[in-house]
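Following the hints, complete the assembly by docking chain X onto the known chain Y.
Chains as they are written, first to last, in our numbering: chain Y, 20 to 275; chain X, 0 to 256.
Hints listed in this document are in silico derivations from the structure and should not be mistaken for laboratory results. Each hint should be verified, as a subset may be incorrect.
Stated by the list, open to error - Here are some chain Y residues pointing at chain X (derived, C-beta under 7 Å):
| # | residue |
| --- | --- |
| 1 | Y56 |
| 2 | R57 |
| 3 | A60 |
| 4 | K69 |
| 5 | V72 |
| 6 | N97 |
| 7 | T100 |
| 8 | K128 |
| 9 | I141 |
Said to hold, decoys possible - In silico contact screen, one side only, chain Y against chain X (beta carbon under 8 Å); selected entries:
| # | residue |
| --- | --- |
| 10 | T49 |
| 11 | Y63 |
| 12 | D66 |
| 13 | H67 |
| 14 | L95 |
| 15 | Q99 |
| 16 | C208 |
| 17 | K217 |
| 18 | P219 |
Every residue, glycine too, gets a C-beta built ideally from N, C-alpha and C.
So you can see what is in the structure, the chains are spelled out below.
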Amino acid sequence: MPNQLRNLIIVFAIFVGLFLTARHFLVPKTFGDLGHYRADALQYNIDHEKKFVDTTLCSNCHTDISNSKYVGAHKLINCQTCHGAGNKHIENPTINKMEKSSEREFCAKCHAKNLARSSTVIKQVDITKHNIDSKCVNCHNPHSPEIKMAQVASNQNKKDEPAICIMCHDKIDKIKTKGMHKSVPCQSCHGEGLNHIKSPSKSNMFKPSKREFCGKCHGIGIAPKSKGIKQIDLKEHNIENKCIDCHIGHNPLEFK
Amino acid sequence: MEKENTKVSSRRDFFKKSGAIAGGLLLVSMLDPLKQIKALAGEKPKGKGAWYGIGVDLEKCIGCGSCAKACKTENNVPKEPFFFRSWVEQYSVTANGVVKVQSPNGGVDGFKQPVLDKEIEKSFFIPKSCNHCAKSPCEQVCPVGATFISPDGVVLVDETYCIGCGYCVQACPYACRYLHPVKHTADKCTLCYHRIKKGLAPACITVCPTGAKIYGDLNDKNSDLVKFIKEHNCTVLKPHLNTKPKFFYNALKEEAE
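In isolation and in its complexed conformation, chain Y is listed as follows (with noise of 0.2 Å):
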């Protein structure tokens, strides 16, 4: 063999002994086991936390409200969705408490009236004008939206009960005992309001707006004299308004 070639050889063989001694340490243990990856990285992936739990586990101590929520329209959603990831509160129930939300706009995230929405899939109200003084809660029971409104319902003999009203407008009521008409039932002016009871949204409520109406009380001559109601004469007290132009109606002495 000539020197040169000899030489050359060695050269080469010096240049890929380093390469692979090189490659050896640069290139991670399981690169390529599986792929142009370190397969390590799988083990990587799986080994991340997990924060939403098994659902069965809230039902071990929140059985009452597992148990209503199983028979209404929101049996089928995970708790998780409302509240939260589950995985610290599981660890220490008394510290870490789960997300809880009686906003209306919460509600609103999947019943907000939306084109987008199949109603067929979801129950929607329009935000800006279904029972605005009141929030989602007070009428429906989150866990079972029907329970709370079937108990009105089936309470809707006691109808002179103000609580039945104040459940849903309770921002009303709120008004109401502040003034003159506190002890006035509220179906002494919006009527008895049975069919109201059993489905709120398709039957509204009277709303008195007219002046005769409120003369029934406040009219001299109209109404008895007696049982210190403020009288007024409906000829001449500011005869162009109607008198909820000027007055609250659930509270008449703030005005407008």
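Positioned in the frame of chain Y, the structure of chain X alone reads:
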């Protein structure tokens, strides 16, 4: 006779040379320098394992954004409104053909209709995330092999190996990737690989209130996903790019394709 003898090697030489060759071959086979080349050529483990995909019934999607919110929680995705592994878009098409697409905070806080109801011809939600393409462009452009398709068809990122060059973010035609602002590595939907390997559904599918989103094994004839694809008229996003996405949409409108 003497001349011929010099040409024929001795028995000793023969053993020496064959020993050296055998030893050399053994050494080379232990180092396996062709390992990477074989991998590049697409040599994949044999056997029929799972091959995961996702499905969404857009008729059932109500755009509540629960999936986007849950994904952020489950995977520690930064809360800023421009980092998403999973998000929801709302398309609104007016009567004169104008298409408006919105995704306020990825849909996490819910949607408000941007167009007046009377002007809308059609409107729909589309939940989006990684399509886990079988021929994923993001995997192909990764210069270091940090993005890869797992043996069960899930496109994953090796965070410890990613150099944060962002090629994959540019290559993804579905805009499913982002660079993590703290880790400085590419981040994307893993189909909750840590959950599905333990038999749990991905977080987005766990919390979906209407059951619109499902996942499953495309190799398993009895899986939910295969049944869903059989029973519905499913399409994928941007099929013309030939990335073979595995995210199947039912009732996908032409404006979104």
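### Query
Which numbered hints are broken by the structure, listed smallest first?
Violated hints (numbers, rising): 5, 10, 16, 17, 18; every other hint is consistent with the structure.
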